[in-house]
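If you're matching them up, the sequences are chains A and B in order. Number 233 in this note's numbering belongs to position 32 of the first sequence; there are no gaps in the numbering. Number 72 in this note's numbering belongs to position 3 of the second sequence; there are no gaps in the numbering.
Any given hint might turn out to be false.
To be verified - Straight-line alpha carbon distances no greater than 25 Å define the calculated BS3-like cross-link-like pairs of lysine-lysine that follow: (1) B:Lys124 - A:Lys243; (2) B:Lys72 - A:Lys210; (3) A:Lys247 - B:Lys84; (4) A:Lys207 - B:Lys124.
Note that these hints are calculated values from the structure, not bench results.
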Amino acid sequence: MNEREKLLKKVQMYSFAVTDAALFLDTHPECSEALSFYNKYKKLCKEAKEQYEKAYGPLDVDSEQNNTRWAWVDGPFPWELSAN
Amino acid sequence: MWKYEKKLEYPVKIKKPDPTAAKIIITQFGGPDGELGAAMRYLSQRYTAPTPEIKAILNDIGTEELSHMEMICSIVYQLTRDLSPKEIKASGFDAYFVDHTNGLYPVQASGYPFSADIFQSTGDPIADITEDMGAEQKARLTYDNILRLVDDPDVRDVIKFLREREIVHFQRFGEALRLVTDKLDAKNFYAFNPSFDVKK
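Using the sequences provided together with the hints, build the complete structure.
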């Protein structure tokens, strides 16, 4: 696993924790324990995303772009073998 | 509206092509208990959901199903790369190949194309959420059957992740059903439809 893959895996891990916690909170909106879990992983996810994007390009179409090239268009795309 | 995130929910990295496995796994794209049908079911049902929690859970599980559809398509895409005509014929992938080449098209394992006939959106939350719980179980057993038929650990790892998600969604829909019935007539849950009848 290269550096990019490691960092992407970290983003995926934190992002998944956020997704899963959000579903739980949908049916338990008052659960403070779940809310602090959500907030903890939301923060870690944001940091991991920023770290990834700085080195390997945007994960969101509206992530900050540089002024020389529209990097969103650069591959690999997520379904490609080399992206994972 | 939706925004795309340029990553899979869980990594898909299949080292060895296997068109025979692709032929059965594609059923979770376009089949009766597949991810496309799941996403369309929940995202159609959410409009008439009776409470904010139910709207949220249908919206968010429906959205997660779109990312699962993307993972299934990624598996099929990677399993069918770099194939020779000889390999395509020998694996039985030829019947799909003749119409779609390596393109992703939503079909059942039998080849029957995706149909909205596989799900309902009734406007009645008890009926809808009960269907949703059944749908999660049917998807779970389809993944169990795929695990019975596929040996490649690269594929199995992803299928196991998707299978787990069906179980979590089933749990969330169970809670959603309880949230709906809590607000109904305790003596007769079916006395009125909370999404349609005006409660006196």
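Going down the list of hints, with the structure as the test:
{"no.": "1", "hint": "B:Lys124 - A:Lys243", "verdict": "22 Å, holds"}
{"no.": "2", "hint": "B:Lys72 - A:Lys210", "verdict": "20 Å, holds"}
{"no.": "3", "hint": "A:Lys247 - B:Lys84", "verdict": "30 Å, violated"}
{"no.": "4", "hint": "A:Lys207 - B:Lys124", "verdict": "36 Å, violated"}
In summary, the numbered hints that this structure violates are 3, 4.
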